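Chains as they are written, first to last, in this note's numbering: chain X, 4 to 271; chain A, 97 to 406; chain L, 23 to 319.
Hints listed in this document are in silico derivations from the structure and should not be mistaken for laboratory results.
Model, not experiment: these values are computed from the prediction.
Every residue gets a Cβ at the ideal spot worked out from N, C-alpha and C, and that includes glycine.
You may find that some hints are simply not true.
[Unchecked claim] Listed next, the stretches of chain X that the computed footprint assigns to chain L, with coverage defined by at least 3 CB atoms under 8 Å from CB atoms of chain L: (1) 68-77; (2) 92-103; (3) 111-123; (4) 126-139; (5) 164-177.
[Said to hold, decoys possible] From the structure, some residues in chain X lie toward chain L, with a derived Cβ separation under 10 Å: (6) 107; (7) 108; (8) 180; (9) 223; (10) 224; (11) 226.
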Amino acid sequence: MVMPAEQAGVADSGQQAPAKIEVKDLSIHYGSDFTALSEVSLQIRENEIFGIIGPANAGKTSFLKSLNRMDDFTAGMRISGDILFNDINIRAVRNVYALRSRIGVVFPLPVGLPLTIYDNVALAPRLRGINEKAELDVIVERCLERAALWDEVKDRLNALGSLLSGGQQQRLTIARALSQEPEVLMLDEFSIAVDPVTTMRIEDVLKELKQEMTIILVTNLVQQAHRLADRTAFFLNGQCVEIGDTEDLFSGNVKDSKTQDYIEGRFG
Amino acid sequence: MQQAQTAISGRLPDIDQRDLAWYVDKLLQFLVFIGGISAIILIIGIFTFVTIEGFGFLLEGFSFKEFFLSEWWEPTDEDEPTYGILALVAGTASVTGLAMIVAIPFSLGAAVYIGEFSTGKTREALKVMVELLAAIPSVVWGFIGLSIMNPLIIKLFDVPVGLNVLNAGIILGLMAAPIMTSIAEDALKAVPDRYREAAEALGATRWQVIYKTVLPAAKNGLLGAVLLGVGRGFGETMAVLMATGHAINIPGSVFDSVRALTATIAAELGETAVGSEHYQALFTIGIFLFLITFVINLTADLIVRGIRKS
Amino acid sequence: MTDTTMTNQFLETGINSKDKRTQKLFRLLFMLMTILLVLPVLIILTTLIVKGGGILSIDFLFTNPTNGMTAGGIFPALLGTVWIVAVALLISVPVGIAAAIYLSEYASDNWFTRIINLAIINLAGVPSIVHALFGVGAFVIFMGIGTSILAASLTLAIMTLPVVIVATKESLQAVPPAFREACWNMGATRTQTIQRIVLPNAVSGILTGVILEVSRTTGETAPIMFTGAAFFLPVLPQSVFDQTMAMSLHLFVVSTQVPNIPEALPYGVALVLILMVLLMNSLSIALRMYLRGKKKW
Numbered sequence: 004m005v006m007p008a009e010q011a012g013v014a015d016s017g018q019q020a021p022a023k024i025e026v027k028d029l030s031i032h033y034g035s036d037f038t039a040l041s042e043v044s045l046q047i048r049e050n051e052i053f054g055i056i057g058p059a060n061a062g063k064t065s066f067l068k069s070l071n072r073m074d075d076f077t078a079g080m081r082i083s084g085d086i087l088f089n090d091i092n093i094r095a096v097r098n099v100y101a102l103r104s105r106i107g108v109v110f111p112l113p114v115g116l117p118l119t120i121y122d123n124v125a126l127a128p129r130l131r132g133i134n135e136k137a138e139l140d141v142i143v144e145r146c147l148e149r150a151a152l153w154d155e156v157k158d159r160l161n162a163l164g165s166l167l168s169g170g171q172q173q174r175l176t177i178a179r180a181l182s183q184e185p186e187v188l189m190l191d192e193f194s195i196a197v198d199p200v201t202t203m204r205i206e207d208v209l210k211e212l213k214q215e216m217t218i219i220l221v222t223n224l225v226q227q228a229h230r231l232a233d234r235t236a237f238f239l240n241g242q243c244v245e246i247g248d249t250e251d252l253f254s255g256n257v258k259d260s261k262t263q264d265y266i267e268g269r270f271g
Numbered sequence: 097m098q099q100a101q102t103a104i105s106g107r108l109p110d111i112d113q114r115d116l117a118w119y120v121d122k123l124l125q126f127l128v129f130i131g132g133i134s135a136i137i138l139i140i141g142i143f144t145f146v147t148i149e150g151f152g153f154l155l156e157g158f159s160f161k162e163f164f165l166s167e168w169w170e171p172t173d174e175d176e177p178t179y180g181i182l183a184l185v186a187g188t189a190s191v192t193g194l195a196m197i198v199a200i201p202f203s204l205g206a207a208v209y210i211g212e213f214s215t216g217k218t219r220e221a222l223k224v225m226v227e228l229l230a231a232i233p234s235v236v237w238g239f240i241g242l243s244i245m246n247p248l249i250i251k252l253f254d255v256p257v258g259l260n261v262l263n264a265g266i267i268l269g270l271m272a273a274p275i276m277t278s279i280a281e282d283a284l285k286a287v288p289d290r291y292r293e294a295a296e297a298l299g300a301t302r303w304q305v306i307y308k309t310v311l312p313a314a315k316n317g318l319l320g321a322v323l324l325g326v327g328r329g330f331g332e333t334m335a336v337l338m339a340t341g342h343a344i345n346i347p348g349s350v351f352d353s354v355r356a357l358t359a360t361i362a363a364e365l366g367e368t369a370v371g372s373e374h375y376q377a378l379f380t381i382g383i384f385l386f387l388i389t390f391v392i393n394l395t396a397d398l399i400v401r402g403i404r405k406s
Numbered sequence: 023m024t025d026t027t028m029t030n031q032f033l034e035t036g037i038n039s040k041d042k043r044t045q046k047l048f049r050l051l052f053m054l055m056t057i058l059l060v061l062p063v064l065i066i067l068t069t070l071i072v073k074g075g076g077i078l079s080i081d082f083l084f085t086n087p088t089n090g091m092t093a094g095g096i097f098p099a100l101l102g103t104v105w106i107v108a109v110a111l112l113i114s115v116p117v118g119i120a121a122a123i124y125l126s127e128y129a130s131d132n133w134f135t136r137i138i139n140l141a142i143i144n145l146a147g148v149p150s151i152v153h154a155l156f157g158v159g160a161f162v163i164f165m166g167i168g169t170s171i172l173a174a175s176l177t178l179a180i181m182t183l184p185v186v187i188v189a190t191k192e193s194l195q196a197v198p199p200a201f202r203e204a205c206w207n208m209g210a211t212r213t214q215t216i217q218r219i220v221l222p223n224a225v226s227g228i229l230t231g232v233i234l235e236v237s238r239t240t241g242e243t244a245p246i247m248f249t250g251a252a253f254f255l256p257v258l259p260q261s262v263f264d265q266t267m268a269m270s271l272h273l274f275v276v277s278t279q280v281p282n283i284p285e286a287l288p289y290g291v292a293l294v295l296i297l298m299v300l301l302m303n304s305l306s307i308a309l310r311m312y313l314r315g316k317k318k319w
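Only chain X is shown next, with the shape it has when bound in the complex (with noise of 0.2 Å):
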């Protein structure tokens, strides 16, 4: 494969991996005159954990949504830049259902789809043709597995999931992304209607993930960043202020002082 913007970005850390996704000058509008996200150019890394942390309003979700195409859906939402997916400029792919099907997205609000448990793990799997009742059964497991669920439906995969509790919901609704198996999955604030100790259990399993896919981790929880992520990027106001290693911003070695203060907890 071969990749044209080797150098480009802040490339500092020691072993470069490939770039799964790049974005250049990428601006995000919403209606005629509100701007969510204006001239981000970063790129994300195969199989790392890329943590985007900021305050409310800083244009992390709308970026997660520009990057599977969700702004065809999105009514005023408007997209201008280039994405790369795989080199692919993803604004020209021909079959966007499949570019979403390789994107697994995790949003704050829990959609437990109204279908019994195993159905909602099951689906993906279906709309791509697999239909054998054995392999369908291995997936739903190790997707709810995964998603620290299984232990808690196990018996009653055949309740709705859209009446599961709100907690439970947010991990039916991660289980769901993994049976699509991925190859980049976003998660924005997934551990908001979960418990702490699930949380704890949810964070494990991404770091095993890891080896498997690439991960995009938004989060307001700017421990849980610093706990995953190999790469950090800081937004605020629809700009990306800095994105360096994880472990650099958290020791203090920030280019921009806004960084630091955010990290420090002084505002946001």
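Once you have looked at the hints, place chains A and L on chain X.
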């Protein structure tokens, strides 16, 4: 680059390759679009076909003055057929007018009672009854006018004929009322509760709240409800055909028999030869009815949409 | 208005006895109006049952009219209505559901969508006799179908299309948007999302609308008078290209066109017709209430 985990990774479609699902999706989008525009096509189609069939008359036999100002509808007169719809318009208008006199107070009153006074099971039950009232077919209403109302009117008012403006007006009022009730109730429901709470906090009684706050706020919706009732009255066919007495007449009192525009088409279309002047004149009445109801519905929609916007 | 509410503030203990009396008076007045409005349903039903109930029998339902329709049963009309309604449904349900899917799942809020909605409202508002004229002009004459079940059903299908569209659109829109987004985010196409998530959760609501349409279609008379329903035709239809008798037109015929008819006969026909219609409507209402009590999210 990824280790194959299960069968799924092998089955993912290429993101730059359109697969069957993609084409099926486009096909469905096209099909439902056709379904979506079908209503537009049909409305244009209705106007077009009715106009085409009535066109010959519009070109030749039609005289604006005779059509709208003559009270003589004598299409079968052998020497000199005349096509004046004035008496028919008077018939339709008188029946619709009386129907509105019946329906407006009752439907608005019922809407206020159902929407503002009743609660719980009573409200549900009343709404169901109103819905069932709306469901009674127009031919059954006509039959009721003919067989129940007719003798009743003769007996009560000591008149020779009970098929008249009064009969058809009451029937039509009962037919239009349920629709007007439910639209008016929607309009009342659209008034935000904070209006009521604010007025009640100032010590107003329920009725004062309704009279001074809710009704003024809902007035556009109520007007829309009345207009739709008028449209319904203009377009009603079978009940009016059966209960008016079907006599060409500019009514002097509610006990006169009349004949409606719609009923004339229903009664005469079967007897005319396709393409004859009479046949085309009936289609011309159809054009007239189409245009009138179109304007009424359009106005009602604009008024009702107006409140939703604000 | 402001003035009065201001003064009311100073009445403090509020509602004086005069106000209370007005309130009670209006409440009573409106209650009476409501009762007077819904009473006719009961009166009509009772009268029809009293006067027409006696003639109802299995024989009445399943034999031909005889003696110039002054005796015998209503079987050809009953069967004809079933034909006409069934064919009309076959036409309007797919088109109506497609239109509703377009409006709910694809259309954005712009002038074009507004025109479609306006067309739907007008389609429902065009007088039934104008629909009849359209049916004659378009199907009977222009397309050369002739007076037949097909022409009558097409006319009725168009007339009742708004019923299906509106009911379907409402039940599609009752499915929360978040479900669709979740589905799209897994790479499902819009079609797959509609097929697996949206339609399964809207199907009972759609059914309510379809039953309502059946009821409407059963009772309509004017649109079928000149397009396919016959006054008297004691032969059962063999295909959609045949004419047929129909319940609604039969009621018109026996109550206006047949002299010296025993009084119970038209009452019996009216009773059967109104029972068919009210049964459908009650079914639809019951289904709606059952669904309201059953939450899936």
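The hints, checked one at a time:
Proximity of the stretch 68-77 of chain X to chain L, defined as three or more residues with a beta carbon under 8 Å from a beta carbon of that chain, is established by the 3 residues found. Coverage of the stretch 92-103 of chain X by chain L holds in this model, with 4 residues showing a Cβ closer than 8 Å to a Cβ of that chain against a need of three. Coverage of the stretch 111-123 of chain X by chain L holds. Counting CB-CB distances below 8 Å, 6 residues qualify, and the rule asks for three or more. Against chain L, the stretch 126-139 of chain X contributes 3 residues with a C-beta closer than 8 Å to a partner C-beta. That satisfies the three-residue criterion, and the hint holds.
With 3 residues having a beta carbon nearer than 8 Å to a beta carbon of chain L, the stretch 164-177 of chain X meets the requirement of three or more and the stated coverage holds. For residue 107 of chain X, the interface hint holds, since its Cβ comes within 10 Å of a Cβ in chain L; the closest pair sits about 8 Å apart. The closest approach between the C-beta of residue 108 of chain X and any C-beta of chain L is roughly 5 Å, which is under the 10 Å cut-off, so the hint is satisfied. The interface hint given for residue 180 of chain X holds, since its Cβ lies 8 Å from the closest Cβ of chain L, which is under the 10 Å cut-off.
The interface hint given for residue 223 of chain X is violated, since its Cβ lies 21 Å from the closest Cβ of chain L, which is over the 10 Å cut-off. A distance limit of 10 Å between C-beta atoms decides the matter here; for residue 224 of chain X the minimum to chain L is near 23 Å, and the interface restraint is violated. Violation of the interface hint for residue 226 of chain X is found here, the shortest Cβ-Cβ separation to chain L being roughly 28 Å, above the 10 Å cut-off.
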